[in-house]
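Once you have looked at the hints, place chain F on chain R.
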Amino acid sequence: MDDLGELYQQVILDHNRRPRHFGKLTAPSRSAEGHNPICGDHITVYVRTDGDQIAEVSFEGSGCAISRASASLMTQAVSGKPAQEAEKLFRDFQAMVTGDPAVATGAREVERLGKLAALAGVRAFPSRIKCATLAWHALHAALSEAGSVSTE
Amino acid sequence: MTPLNAETLLAAPAANRFDVARVREDFPILQRLVNGRPLVYLDNAATSQKPRTVIEALNRYYSMENANVHRGVHYLSEQATAAYERARRRVQRFLHARDSSEIIFVRGTTEAINLVANTYGRSRVRPGDEIVVSAMEHPSYIVPWQMLCEAQGGRLRVIPMNDAGDLLLDEYERLLNPRVRLVAVTHVSNALGTMNPVKEMIAVAHARGIPVLLDGAQAAPHREVDVQALDCDFYTFSGHKTFGPTGIGILYGKAALLEEMPPFQGGGDMIRSVTFERTEYAPIPAKFEAGTPSIADAIGLEAAIDYLERLDRPLMEAHEAELLRHATEALAPIPGLRMIGAAREKTGLVSFVLDGIHAHDVGTIADRDGIALRAGHHCAQPVMERFGVPATARASFAFYNTHEEIDALVAAVHRARQIFG
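Order-wise, the sequence lines are chains R and F.
Just so we're aligned: 44 in this note's numbering is position 44 of the first sequence, and the numbers increase by one with no gaps anywhere.
Just so we're aligned: 1350 in this note's numbering is position 350 of the second sequence, and the numbers increase by one with no gaps anywhere.
Honestly, the hints are just simulated from the structure, not real lab data.
C-beta atoms are modelled at their ideal positions from N, C-alpha and C, and glycine is treated no differently.
One thing to keep in mind: the hints can contain errors.
As the list claims (entries may be wrong) - If you anchor each label on the Cβ, the simulated ranges turn out as follows:
#, chain 1, residue 1, chain 2, residue 2, range
1, R, Glu111, F, Gly1388, 40 to 46 Å
2, R, Pro82, F, Val1143, 40 to 46 Å
3, F, Glu1025, R, Glu111, 49 to 55 Å
4, R, Pro37, F, Pro1262, 31 to 37 Å
Okay, chain R solo, but in the shape it has when bound (with noise of 0.2 Å):
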């Protein structure tokens, strides 16, 4: 497979056709919007807390194949676990799309990634990681009550 063949799995167009968890949460306890001005891609994430556990996750807004199906995993992989382990799991995304060694090509942390790893051949594309970080931001000023962020 090609560059844009690891960049465009299906998983990844199917995500961005049919986002889940997509569209405002009727009672979040937090939310967050994030924004990327460079190429406009803006959305905002919805979380509804229960005690230290993300009991419920949505986003919406607009962007590229990448930020949408980015932030749709985020929410299937998020919802149900404590916070801190979400921040974890930001923490390893955000090493597999830079391209950290460590984690990129760790079979192991890549299992622990689950689905999240089909975003891996971002790496081949750094004009695109903060499309694949943006929900992820997002959902850590949420979590933070930060309010907005901005990928720049």
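For chain F alone, coordinates are given in the frame of chain R:
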């Protein structure tokens, strides 16, 4: 001083058409590969590529001629000063300005606009006064006026446009009330390619005694500009979009206006005499050129203009129009593709969106084929909002682009559709 590639430029073309293949040989970067494919550079509205003569002019200046201007009595300083002032006269002829003192060297269009906003604007705009801009302005054309209005208590008014991307001239006329101190519009839109009827717009403003500033960043590389025929009060363009170096741009202003305006930045070169009590400013253009200017880049711009003017302009414009026609005809029928901007008169630029495929993804897919496109809101968020799209893919052409490159763009769009099924 600027050697021309005589073989390339003066040779008569085989037929009565623009000889793209020969022109391309003058641009070293066009020979390189990107992602293993020949570079297809379709991002000329962001910046243009440089002919060898420009690169050589910079190299020669730094290798042989470098010295500060307007200072020393030594040989090199005199040479550098002469070269710098010769470049100014070259720009004067390029814009058909009346006098070379009306040509101010700045860093680029953005700085030129900030200069006018901070000098002309600050001295003329009072609370309740208005500045008129258009709905298709680049942010560098909106923000300085917003800052000015905020500082002076003025108001920014916007000329609306229709769905094709043409300004509504009736609305424009209605905006021109006695509170308007300046009309600041783009000559050619960077997002839509619209060529505005600026001559007509200037006449309408002048009938009411309102001066006009034109942003020529996207016009100067493609059309002959005659500031006296247009009768504009200010005109700006950037060297780097006009096949010259970065770091140099031009503000043209009518001498009477420039002379009245307070200086922009303070520093060396812009003073006649200075004591701790008072400074007497230098006459124009020096009044607006504080500090050591971008000497090499001014000389590089001269080389770019020399290059551009050695081309057969009518054939060049016809070639660019053909590229636009080809791109429009090949892209428009693609299912799910929507062209953004269909103005009556356009320069070589196509902006488009694809159903279900974000511009950023189109950009990445094209890049794998070595095609440089702009994907995003092109520093024109208000324009994107007007058309209800978050971002577009934009291909902008220069005279060195070919029909094969348009075919490559079309193929990349088909590839994107294939990937996204």
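Right, here's what the structure says about each hint:
1. Glu111/R x Gly1388/F: 40 to 46 Å: For glutamate 111/R and glycine 1388/F the Cβ distance comes to about 43 Å; the hint holds.
2. Pro82/R x Val1143/F: 40 to 46 Å: Taking Cβ atoms as reference, proline 82/R and valine 1143/F lie about 44 Å apart, which means the hint holds.
3. Glu1025/F x Glu111/R: 49 to 55 Å: holds (53 Å)
4. Pro37/R x Pro1262/F: 31 to 37 Å: holds (34 Å)
In the structure shown, no violation is registered for any of the earlier numbered hints.
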